[in-house]
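So the sequences go chain by chain: A and B. Residues in the first sequence are numbered consecutively from 1, following the working numbering. Residues in the second sequence are numbered consecutively from 1001, following the working numbering.
Where hints are given, some of them may not hold.
What the hints assert, rightly or not - Chain B side only, calculated, beta carbon under 8 angstroms to chain A, not exhaustive:
#, residue
1, R1011
2, I1014
3, E1052
4, A1073
5, L1103
6, L1105
7, R1142
No lab work stands behind these hints: they were computed from the structure. From the three backbone atoms N, C-alpha and C, an ideal C-beta is built for every residue, glycine too.
Below are the chains, spelled out letter by letter.
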Amino acid sequence: MVQRIFNMASAPQDSALQLPALPRTETAVNGSRASRIEEDVVALFDRFRSPLFRYLLAFRVGAPDAEEIVQEVFLALFRHLREGKSRVNLQGWIFRVGHNLALKRRLRAQRETAAPAEASADWSPGPETQAAEQQRYRRLQAVFRALPEQDQCCLSLRAEGLRYREIADVLGVSLGTVANSMERSLARLNRADRCGEGSWETSRRTYVAK
Amino acid sequence: MLPNDPHLTDRDLILAADGELAPRREAAVRAHLETCWPCRVREAELQSTIAEYVRWHRGNLGAQLPPAAGPRALLKAQLEARAASAAPAGWLRALVPMTAALLILSAGVWVAQTRRSNDLLVPKNSVTPGETRAVTISNLCRESVSEGARAVPVSLRKKVFEEYGITDARPNAYEVDYLITPELGGVDSIRNLWPQPYSTVWNAHVKDMLEERLHALVCSGQVDLATAQREIATDWIGAYKKYFHTARPL
């Protein structure tokens, strides 16, 4: 079921992520080629704007800045494709560029204001949500925000459908670091999720002892 | 598996679930899970945690996503401007950049307006902290909110726009609104007025609903006046969510 849930949220490697190569001859570099690239970029925008935006928000980028970063990413993608560069794994490319732009923007904001940008909104459950569920979500939110930033990034990217190798590429870390991060983060979330029913560790010890 | 422990590690379970194990190791993990109930239970717990996390991630962050139409139009316009360098010759060569420039300009105006509107969801505390007068509950509750409504003088409206650096405001785009409504003891003062946009989700009409609700609650004794004043002045959106039991405007 873990796999099913992540797969539901994920974008599998398909033709939209790995676009067919365009001819690079002199005559091919014309209006129609640019127009085709433009269509590709808009199609990728339609597909990845929301996942990238959510990732940036999780990275504590405010919504107006996130909107600007998304624009920058897809303009950069247009340049990337127009220069005939690799069309392999564009999903990973989009998140990597978005992540780097967010880092740059944060550094600039820190220099200017001496305070990091902070995402503004808290999750506010609807009236239909059960009280116990609300409490659970608040616990998850608190645990998520207490995680080291790299762990938050790994979880967010995984929830947006990236594989471990892609996450490692986006964050510039090793595959082992991603695996460690996932293990650590899920263990903490699991403990929080089980809070009230007895911790996961306790339940595991019980099961294993039998 | 753990040393001296026949059971699978968390890492094994997570990597197997994410399809990140080498095929041979994955087969061993699957075989173990088929026979081991405790490990299956732990796997189910992890699955449940991930499901909760994904639901939270999407619910929390998805609710903050602005509509895509404007940004999409802006992107298309900018792409067209860049593509124009490779546009066909002739009169189209001149037309395409002009059209693209116009599109960028209009999309830019849209983004700027949206951004400014979002900036004005709540007033600047330094300019509009809220200001009240000494008043009794019986006086406040003598008239309804709509009966008590009155127009802000033009000179004061002008001053409010100046304070917020708005020089090109369309008359119908904003309501120069009281942060603390007069029906809750607010006064006609630059410190209690700000240009509240109509175009945002959390707009002037939504705040009007909150003002009516708080007025009714104060008059029925369910909320004391000081609390109502403080809540509407410090976080009117939070107060709306609290008193209407909703995350979004009704």
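query: Taking each numbered hint in turn, which are not upheld by the structure, reported in ascending numerical order?
result: As far as the earlier hints go, 4, 5, 6 and 7 are violated by this structure, in ascending order.
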